[in-house]
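Peer 1: Residue strings, one per chain:
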Amino acid sequence: DSGVTQTPKHLITATGQRVTLRCSPRSGDLSVYWYQQSLDQGLQFLIHYYNGEERAKGNILERFSAQQFPDLHSELNLSSLELGDSALYFCASSVGDYYNEQFFGPGTRLTVL
Amino acid sequence: DAKTTQPPSMDCAEGRAANLPCNHSTISGNEYVYWYRQIHSQGPQYIIHGLKNNETNEMASLIITEDRKSSTLILPHATLRDTAVYYCIVRVRGGGSNYKLTFGKGTLLTVNP
Chain A
595 DSGVTQTPKH LITATGQRVT LRCSPRSGDL SVYWYQQSLD QGLQFLIHYY NGEERAKGNI
655 LERFSAQQFP DLHSELNLSS LELGDSALYF CASSVGDYYN EQFFGPGTRL TVL
Chain B
-8 DAKTTQPPSM DCAEGRAANL PCNHSTISGN EYVYWYRQIH SQGPQYIIHG LKNNETNEMA
52 SLIITEDRKS STLILPHATL RDTAVYYCIV RVRGGGSNYK LTFGKGTLLT VNP
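Top to bottom, those sequences are chains A and B. This note's numbering numbers the first residue of the first sequence as 595 and each following residue consecutively. This note's numbering numbers the first residue of the second sequence as -8 and each following residue consecutively.
It should be emphasised that the hints constitute simulated quantities derived from the structure, not laboratory data. Careful: at least some of the hints might be erroneous.
To be verified - Distance windows between CB atoms, simulated:
#1 Val689/A with Met1/B: 31 to 37 Å
#2 Glu57/B with Gln611/A: 27 to 33 Å
#3 Ser674/A with Glu49/B: 43 to 49 Å
#4 Gly690/A with Glu49/B: 18 to 24 Å
#5 Val689/A with Leu71/B: 52 to 58 Å
#6 Thr101/B with Thr601/A: 28 to 34 Å
#7 Val689/A with Thr93/B: 19 to 25 Å
#8 Met1/B with Pro664/A: 33 to 39 Å
Said to hold, decoys possible - Here are the simulated SDA-like cross-link-like pairs (lysine to any residue), alpha carbons at most 20 Å apart as the crow flies:
#9 Lys603/A with Gln33/B
#10 Lys96/B with Leu633/A
#11 Lys60/B with Tyr23/B
#12 Lys651/A with Phe94/B
#13 Lys96/B with Gln635/A
As the list claims (entries may be wrong) - Reference excerpt, derived from the structure (chain B facing chain A, CB under 10 Å, subset only):
#14 Cys3
#15 Tyr25
#16 Gln33
#17 His40
#18 Phe94
Values in this document were obtained by computation on a predicted structure and should not be read as measured data. Each residue gets a CB set at the ideal place from its N, CA and C atoms; glycine is no exception.
Next up, chain B with everything else stripped away, as it sits in the complex (with noise of 0.2 Å):
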């Protein structure tokens, strides 16, 4: 899997958007970028994930780069509930056997009144 790169803490005031970057410059053709947070001693929870177009749903918008080394997860009007570690990952969709997550340090995210 191709490493990833997250500043380890960002804060964002409440109502604003919160842009979180990873840079993936080793990331190949077949891998794509997932996000997921981890709101504190809670499960973590599946945001988004990507390939090379970007991709919006209900909680966030995900914007990858043309050249794929990086990309931004979008939080478009962040509330307190946001307030949580971010993990970006970066893997093969399917195939092989070996289908773990490996999550590295995130980003926490703190938004503040």
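The following block holds chain A by itself, in its conformation from the complex (with noise of 0.2 Å):
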């Protein structure tokens, strides 16, 4: 158990719609990262808040957005759901903002039908 937990634990839902997954980063962690898994393009990293500000973006659309919220959890937010969007979607924590020892989620297994 990494300590980091995120819901919900799996979601299945129509395109067009819209979900929020969420994230409780371990505790003193300050920063979240952001990952998405399909299947055919491995683990590619989405967006990384530390304390509350948004530090790097990576390869996440427009349709999706995140925050980071005073008590340090966080919420990705996917809207316009598309069937390309179906995947696993991980949040890491690590202690500061810049650590490369990054503490990752069980996972939220997005399906879009």
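Both chains are given apart, each in its own frame, so use the hints to dock them into the complex.
Peer 2: The structure is reproduced here in structure tokens:
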């Protein structure tokens, strides 16, 4: 158990819908990272927040957005969902804003029908 | 980040040491070697990292050659639960604003009974 929690575990929705994925980092960690893992793409970095501020963006679509709240939990919002958005979404956390020792949550499996 | 090369797959007998190689011939002086693993559909798990000295923790040992162009992750007594994809990642530990981890294809280690 990494100490990072993600909810929900599974999510099934339809195309065009909007969903919110939630992540709680390990106690004391200020950084939260989001990754997407689909079968044909491998693990892709989406976005990084540190203490409430966006730090870096990866291959995140404009239909996706994220935020980190004062209590340090983070939410990833996915809108206008397409079939290709079906994937595992992982959240990771780390102590600082530059450490590469990231601790990953169990993931949310999103299925878009 | 320096490019890494890993064999796509390896087998190991349960109870024996698993030695996973990684080539990183273009590594620069301030880049660390990180190892993560991912057990099927679970979140990646941080294992160990090092700069130039050999490192050991409760999970594994990391041996880095003197010229730092390659390294080996050693699981001293592999168990069936160590079956996973192992990723070798080389990057700077701090600095800059983009702290994403780039996961390649890794090595699928299969531990056989």
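Peer 1: Confirm or reject each hint.
Peer 2: Here's how the hints hold up against the structure:
1. Val689/A with Met1/B: 31 to 37 Å: 32 Å, holds
2. Glu57/B with Gln611/A: 27 to 33 Å: 55 Å, violated
3. Ser674/A with Glu49/B: 43 to 49 Å: 45 Å, holds
4. Gly690/A with Glu49/B: 18 to 24 Å: With Cβ atoms ~23 Å apart, the hint holds.
5. Val689/A with Leu71/B: 52 to 58 Å: 32 Å, violated
6. Thr101/B with Thr601/A: 28 to 34 Å: Holds, since threonine 101/B and threonine 601/A (Cβ atoms, about 32 Å apart) stay within the stated range.
7. Val689/A with Thr93/B: 19 to 25 Å: Given range 19 to 25 Å: holds, Cβ gap about 20 Å.
8. Met1/B with Pro664/A: 33 to 39 Å: For methionine 1/B and proline 664/A the Cβ distance comes to about 46 Å; the hint is violated.
9. Lys603/A with Gln33/B: 11 Å, holds
10. Lys96/B with Leu633/A: Measuring from Cα to Cα gives roughly 12 Å; hence the hint holds.
11. Lys60/B with Tyr23/B: Holds: lysine 60/B and tyrosine 23/B sit about 11 Å apart, inside 20 Å.
12. Lys651/A with Phe94/B: Holds - the C-alpha atoms of phenylalanine 94/B and lysine 651/A are around 16 Å apart, at most 20 Å.
13. Lys96/B with Gln635/A: 10 Å, holds
14. Cys3: Since chain A brings no Cβ nearer than about 23 Å to cysteine 3/B, farther than 10 Å, the hint is violated.
15. Tyr25: 6 Å, holds
16. Gln33: 6 Å, holds
17. His40: Hint holds; histidine 40/B Cβ to chain A Cβ min 7 Å, cut 10 Å.
18. Phe94: Holds - the Cβ of phenylalanine 94/B comes within 10 Å of chain A, reaching about 4 Å at its closest.
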